[in-house]
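Visitor: Next come the chains, spelled out residue by residue.
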Amino acid sequence: MRLNTRAGLGAIALALTVTATACGSTEDNTAAASDCEGKIGIMGALSGANSSIVLPSVDGAKLALKQWSEENSDCNIEIVEFDTEGDPAKATPVATKMATDDTFLGVMGGAFSGETRATKSIFGDAGLTMISQSATATDLTQEDPSPVFHRVVGYDDIQGQAIAKYLSDVIGAKKVFVIDNSDAYGEPLAAMVSSELGDLVVASDKTQVAQTDFSPTISKIESAQPDAVFYGGYIAEASPLLKQMRDADIQIPFIGGDGLYGAGFGEATGKAGEGAIITCPCVPIEGGTFAEDFEAETGEAPGAYAAEGFDAMQIFLDGIADGALTREAMEEFVDNYDAEGKTKQIAFDENGDVAVENVVIWAYKVVDGELVPDQEISLG
Amino acid sequence: MDFNALFGDLGGHTLDGLTKGSVYALVALGYTMVYGVLRLINFAHSEVFMVGTWTVLGVYTVLGADDTSGMGMVIFATLAALVAAVVASASVALAVERIAYKPLRKKNAPPLIFLITAIGCSLVLVEIFGHVLRFFFGPPFGRAPVNVPSPIQTVVLLDVGGVRITNVQVFIVVGAILMMVALDQFVNKSRLGRGVRAVAQDADTAALMGVNQDRVIMLVFVLGGAMAGVAALLYTIAFDLTKFDIGFIIGIKAFTAAVLGGIGNLRGALVGGLLLGIVEVYASTVFNSSWADVTAFIVLVLVLMFKPTGLLGESLGKARA
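Here the protein sequences come in this chain order: X and W. When the letters of the first sequence are read in order and numbered with our numbering, they come out as residues 1 to 380. When the letters of the second sequence are read in order and numbered with our numbering, they come out as residues 1 to 321.
Worth flagging that the hints you see were computed from the coordinates, not collected in a lab. Any given hint could turn out to be false.
Ranges of calculated distance between the beta carbons of each label pair, as one might list FRET restraints [as the list claims (entries may be wrong)]: (1) X/Gly124 <-> W/Ile116: 32 to 42 Å; (2) W/Leu112 <-> X/Asp318: 52 to 62 Å; (3) W/Ile165 <-> X/Val80: 30 to 40 Å; (4) W/Arg105 <-> X/Asp101: 45 to 55 Å; (5) X/Asp144 <-> W/Arg105: 49 to 59 Å; (6) X/Cys36 <-> W/Ile119: 20 to 30 Å; (7) X/Glu143 <-> W/Gly162: 27 to 37 Å; (8) W/Gln153 <-> X/Val170: 30 to 40 Å.
Glycine residues also receive a C-beta, built at the ideal position from the N, C-alpha and C atoms.
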């Protein structure tokens, strides 16, 4: 009896092993048989105070996939979203998850610079290609380039120059007050604006992330008597800062970088936000099929980086259509990519940037809480 | 370092510091009263404040009060918001005590369990506003900062030698000090207050003398919550915004203020709060805002090195009128 049980168990175990092996090989066969299958990860602040800067680009990417899938119905490409809340600490585990899962062929992101900086070595080690729609910190490509990192937007040095140009040429400011949020995005951007403005900077102040009381900054603005204020940072702090400025009856122009480029800015700032200028290396998409398709799909006009998200996703999809179904092939395809995107001519240099002459910086104005394209800032 | 900026407008900066510190002090009262009676640091208190700010937003929204409202509406909306915020904050504080702490007390749980429960309650409340309510009702709930309408317009009331004093600053500082004087008198003079002091001094003896300990604890949470509600109204008047995690920084600062002044001491909370506010504004002016916290905590460490019980040191129980 005892012997029989053992034999029986052994038989079952053997059967299981055989079945498992069989299953394994079957799966392998199907994977090889189906030409195109894979996942593209999206990593960014999908919730939180700054999510309005990211969510439209995710919708843009989804639209790209939907349109592409209609033409390539034999393919099974899936977008997998990972919410990092823009926090580098939350982005690293997410990056590891994608890096260790071979079904991921590419990553759209990180949406912000901090999370990108924290994760690009993880993706680099795994050879997983990143295309960011909105991470604009200069050092990501200029000081510490990674072979896998690419972005379809211009970097902050270019934006900094554009902001300085807007302040001096369009606003005609003679005395500018420069404020930054002391973080990896705001500090270098403000530094670039300051160095471009040179003598036009009358005073500056540094603030903190999560600060709500800006009374010391307001006092400094009052005593410096500038004719414009620049803030390098994100919506969560810009909103109370601008409100307190307007409460203190400081009615001079307020200009911020793409960290404020989101629908959330108008909502959180209310009346005080009216007339604020926000620059962005993102191109306004009005008219044309993209805006129509986007509205039909999401019920909203294309928001922050929607077209950049579409472009970034389109590069991956073109790669898949081209047969780049391994990470190595995808990386090679993206490195050699050269095509007209929705926003600009896209081809990456050895650092992963698009050519400076193709980068466009736009100034937007807050009108009735909405971001309305004001003008292109010409760097020439 | 820019000492000229500080001394050039010392009065203005001090006033800014007092305004900031008044809110800290009002919230600090909740920490200090609960600590005085229960030896418990109620970390959920920061969220009691947060609920107050959302209540103010709710009242303004329902009444349609904003910066275009007439004088009558402004007064009515502000009073309604005050009452609602006080009731909401006190109710949340009481609910936390009834639901979370009371069952633990009945089981004689060790202090560490109370502490982790407090942190847990805090997170639950934060996520209710940051996630759960958004799931059911959508915006304005969620993680984004929300604009609170401001029926009270900021106007300069007085200009004393270049120091501009606004109506909002006066409202906040005077409101906070009035509330604290009232609370101090209540605890030191009234019969219920005597009960609070008795339990703080010696809970067992107080019980033997016929003090209803449970009722005193409830009272302490309600009073602390009510003060946080007042703080919430003053805060939204000053800053016109709220957020799901708005209590976090204020809570840490208010707790610091309570320790600085001597935790368990009502007047200490006032002194600690105002001092902390002033130090932060001075540091932000001399250096910049990123140095505010560094300087504030250096001051805290220095004070505690020489006076480990805080500036005023006494406990709630020993405080005499």
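Visitor: Hint by hint, say whether it matches the structure.
Guide: Right, here's what the structure says about each hint:
no.: 1; hint: X/Gly124 <-> W/Ile116: 32 to 42 Å; result: holds, 39 Å
no.: 2; hint: W/Leu112 <-> X/Asp318: 52 to 62 Å; result: holds, 58 Å
no.: 3; hint: W/Ile165 <-> X/Val80: 30 to 40 Å; result: violated, 56 Å
no.: 4; hint: W/Arg105 <-> X/Asp101: 45 to 55 Å; result: holds, 48 Å
no.: 5; hint: X/Asp144 <-> W/Arg105: 49 to 59 Å; result: holds, 55 Å
no.: 6; hint: X/Cys36 <-> W/Ile119: 20 to 30 Å; result: violated, 49 Å
no.: 7; hint: X/Glu143 <-> W/Gly162: 27 to 37 Å; result: violated, 46 Å
no.: 8; hint: W/Gln153 <-> X/Val170: 30 to 40 Å; result: holds, 31 Å
In summary, the numbered hints that this structure violates are 3, 6, 7.
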